[in-house]
Amino acid sequence: MSRHTIKLTVNGEAVEKEVESRLLLVHFVREVLDLTGTHIGCDTTSCGACTVLLDGRAVKSCTVFAAQADGRSVETIEALAADGTLHPLQEGFWEKHGLQCGYCTPGMILSAKHLLEKNPDPTEEEIRWGISGNLCRCTGYNKIVEAIRYAADKQRESTEEVSA
Amino acid sequence: MTHLDDRTEPHSPLPEGASAQVATTDEIRIRTPEKVCGMGHPMKRKEDPRFIQGKGRYVDDVKLPGMLYMDIVRSPYAHAKIKKIDASAALAMDGVLAVITGEDLKAAGDLHWMPTLMSDTQMVLPIEKVAYYAQEICAVVATERYIAADAIEKVVVDYEPLEAVVDPHLALEDKVIVRDDKEKKTNHIWHWEAGDKAATDRVFAEAAHVIEQTMHIPRIHVSSIETCGMVANYSKVTEQMQIYMTSQAPHAHRTVFALVSGLPEQKIQIISPDIGGGFGGKVPVYPGYVCCAVASLVTGKPVKWIEDRSENLQADSFARDYHITAEMAADANGKITGLRVKTLADCGAADAAANPSKFPAGLYSICTGSYDMKAAHIAVDGVYTNKPPGGVAYRCSFRVTEAVHMIERMTDIMAHDLGEDPADFRLKNFIRPDQFPYKSPTGWEYDSGNYKAALDEAMKLIDYRALREEQAAKRERGELMGIGISSFTEVVGAGPSRDFDILGIKMFDSAEIRIHPTGKAIARFGTKSQGQGHETTYAQIVAEELGLPAADVQVEEGDTDTAPYGLGTYASRSTPTAGAAGAMAARKIKAKAKKIAAHLLEVGEEDLEWNVDKFQVKGSPDQAKTIQEIAFAAYTNHPQGMEAGLEATDYYDPPNLTFPFGSYICVVDIDSGTGEVHVRRFVAVDDCGNIINPLIVEGQIHGGLTQGLAPALFEEIVYDENGQNLTGTLADYLVPTAVESPKWETGRTITPSPHHPLGAKGVGESPTVGAPPAIVNAVVDAMWHLGVRHVEIPMTPQRIWAQLREHGVTD
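Sequence lines, in order, name chains A and B. Everything in the first sequence is counted per the numbering used here, starting at 95 for the first residue and increasing by one. Everything in the second sequence is counted per the numbering used here, starting at 221 for the first residue and increasing by one.
It should be emphasised that the hints constitute simulated quantities derived from the structure, not laboratory data. All of these numbers come straight from a predicted model, not from anything done at the bench. C-beta: ideal position from N, C-alpha, C; glycine also. Check each hint, because a few of them may be wrong.
What the hints assert, rightly or not - Pair ranges (Cβ atoms, derived):
| hint | chain 1 | residue 1 | chain 2 | residue 2 | range |
| --- | --- | --- | --- | --- | --- |
| 1 | A | Asp-128 | B | Ser-308 | 46 to 52 Å |
| 2 | A | His-98 | B | Ser-308 | 48 to 54 Å |
| 3 | B | Leu-946 | A | Thr-99 | 41 to 47 Å |
| 4 | B | Thr-894 | A | Glu-218 | 20 to 26 Å |
| 5 | B | Ala-864 | A | Glu-218 | 56 to 62 Å |
| 6 | A | Gly-178 | B | Asp-644 | 55 to 61 Å |
| 7 | A | Glu-218 | B | His-1005 | 54 to 60 Å |
| 8 | B | Arg-1009 | A | Glu-218 | 50 to 56 Å |
| 9 | B | Glu-826 | A | Asp-128 | 27 to 33 Å |
| 10 | A | Gly-178 | B | Asp-779 | 24 to 30 Å |
| 11 | A | Arg-166 | B | Arg-695 | 54 to 60 Å |
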């Protein structure tokens, strides 16, 4: 089995590892780097539990080889409150009861983060489409939508404060 | 497996007060200030900080030194003889340590078979033949996950395919025998009856109106986002087996492992860590768990097994699969008088249902629902087929979903046939509040209810009469709009131990509370949350009873070495059983606290009264001792002759089940060109008795409604005629996303349970039970005028379009 040495940035830190060519990014993150906040829920790129940000874009890390992340930047759920302060999305999920079992939550939050970066003021329908690649079996989604709305409002408020 | 011929309901008499007429309100009762955060406060969940930061700990997150990985070879046939298993090429691979076959398990002490929860037997690994597609053939143990996955491809299995029987009706012909290991060469497993057949036949003979309808509640799958898995860690030195397992019932599983393996129970520790959704799918013991434990026993090393999604959907326990023929009788005034039901239960290759042992068809006999009628009779037959064994609940209390679907469909058909408005017809036929405690014709005693109040509230919230006017106008224009109602009665909280057990273990549940000297507490329970928020609601129960802030109560579940024995979390039983145990344990603590307070205040106990978080002297409230002061004294200044400490345990055996209920109204628009159903509005009014945390209750209702929408419109496990699973991935098995899920609208009434210590009833499954028929009733209502009487679920666009075409609406 061929192997590659990959250099990438994970949650702001430089990482260099030798990996099998076929190693999936999700297994790299979970088992090589021990960042277990990224979960696995299917094997057909359907559920989105493994969503991470690759150069800022939400990707399903079960369908990306670790080798494809060479030279790029990966962000996982563990990065969001690294300084001890919850990200507005994390705050929103907690405030609005946007999670139950918590298994889909990291992927859901990262998909939402990408969505809000593209579209800081999404409509309800845009939010629903924005997370349509992420399955949740517990919440029925209404409260996830409210949680993302909460974060959008909070981020826009802080942006306005800065510009004011 | 015993044949339960002509068996009737085994209920025994209830104690006083287990059922009663209780007043209904819409006010949530709050007795504690926000800093205490007892019942009724919408407290933010205590468990959430770890989940939102990626610090939950699920089974696949467990990583132990020297851990090995297991993967499973599965059958490509639904029915086949195994002629030979050749594992030599796999064993020759670098990193492969062992291949475990059925022969190996047999040699290890007949471990190749195991009991199911229904006292049937199920193959762990087969020796002679396989009986369902994706059945486990053998297990490969390797040093790495990827090597194990490579190695299963190298195992060569020589099969001789046999004819498979997939349809349960055909299975009854016994041309193909699924279980030829059994003495009786038949696919018929059991026959079970409830109600009074003779009285029901009389009612039908006298009826002015009789309707009949067949319906299939198809096979579905819980598909929790986390699949099942285990890390087994056996030490040959200490002879201890530590198991991390996706388990909804860790204590019961420990006992099952002890009984099956022969390992002493005190040497087995099961830890059910954070669980990524259960919905009933993590109640059974699957062959993979047994193989994983054996792999660790054999190697003396930790072994991890995590099934992938395809394995989960193709081999783990299914739900539903009931083929129903129902008849309903009514008198000349449109009053329902009787119900007669025959049902075929497709069990797959083993009766591995997660039902209480005396109830082979679960609580299906609740199927007279919310309606008062003279007589009912239900007969169910269990049948083997070449499909995976089951079934589990899919967020349902033991077959109540099937029962509710049937009665709510039948009620709607009868109303339409009689030309009556379905709401008015229900209001006319409801069990009245003054009839509680209500004894149903099949033997249940409903604890409390007010069905009219819930339907009135739902009709008000959605403005039902205006919708009917809109529908009439749309119909004039040829548009298809339907309004559907479901006024369901749930039955949860199993249960009273005189009737309910699993493999002989009574279905009580437990709580143990310890108050520390500084007035903080740890509370442990015999249940196991899979997202229901027990760490918060149980803390609120303790807060309600003892006045300790919920923030100061650490809740733990799922470690069999530390938590008291309990039967686990499923069938909406946690609040009715373990929640009640928490309240009762807290009351034992309070009784001791009162003695300590009397000692500290130098008064008699009879001079004290409780006030939120303290005992105070009657008429002199300044003289008081808070629960925290009392806790400190329990360790530092307790009365002579009294035991030190402040803790209590309670094993709670409920006197009756609880009977949550509700009324749901759904509005659909149907695209007559494509057959697509659009759920425009859905109002859900639930009555789950007293509410512990309204935020969590609402979350449970939203989630349950979505798991009611899913089988109504999208989900079905489909097999071809050879027993091949055609929906074995999430690309084919359609779990709804945020786009398909409606914006749920909720309302409530509150009719407390008369026997639960907190008046609560349980809520997690009501919406899954109640929602599907509301959606079907709406769809049929939209097309009734065209001649459509019934639509089977899932109501796919293709299915609706076919109906429209048959009735000349589209070509």
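What are the numbers of the hints the structure violates, in ascending order?
1, 2, 7, 8 and 9
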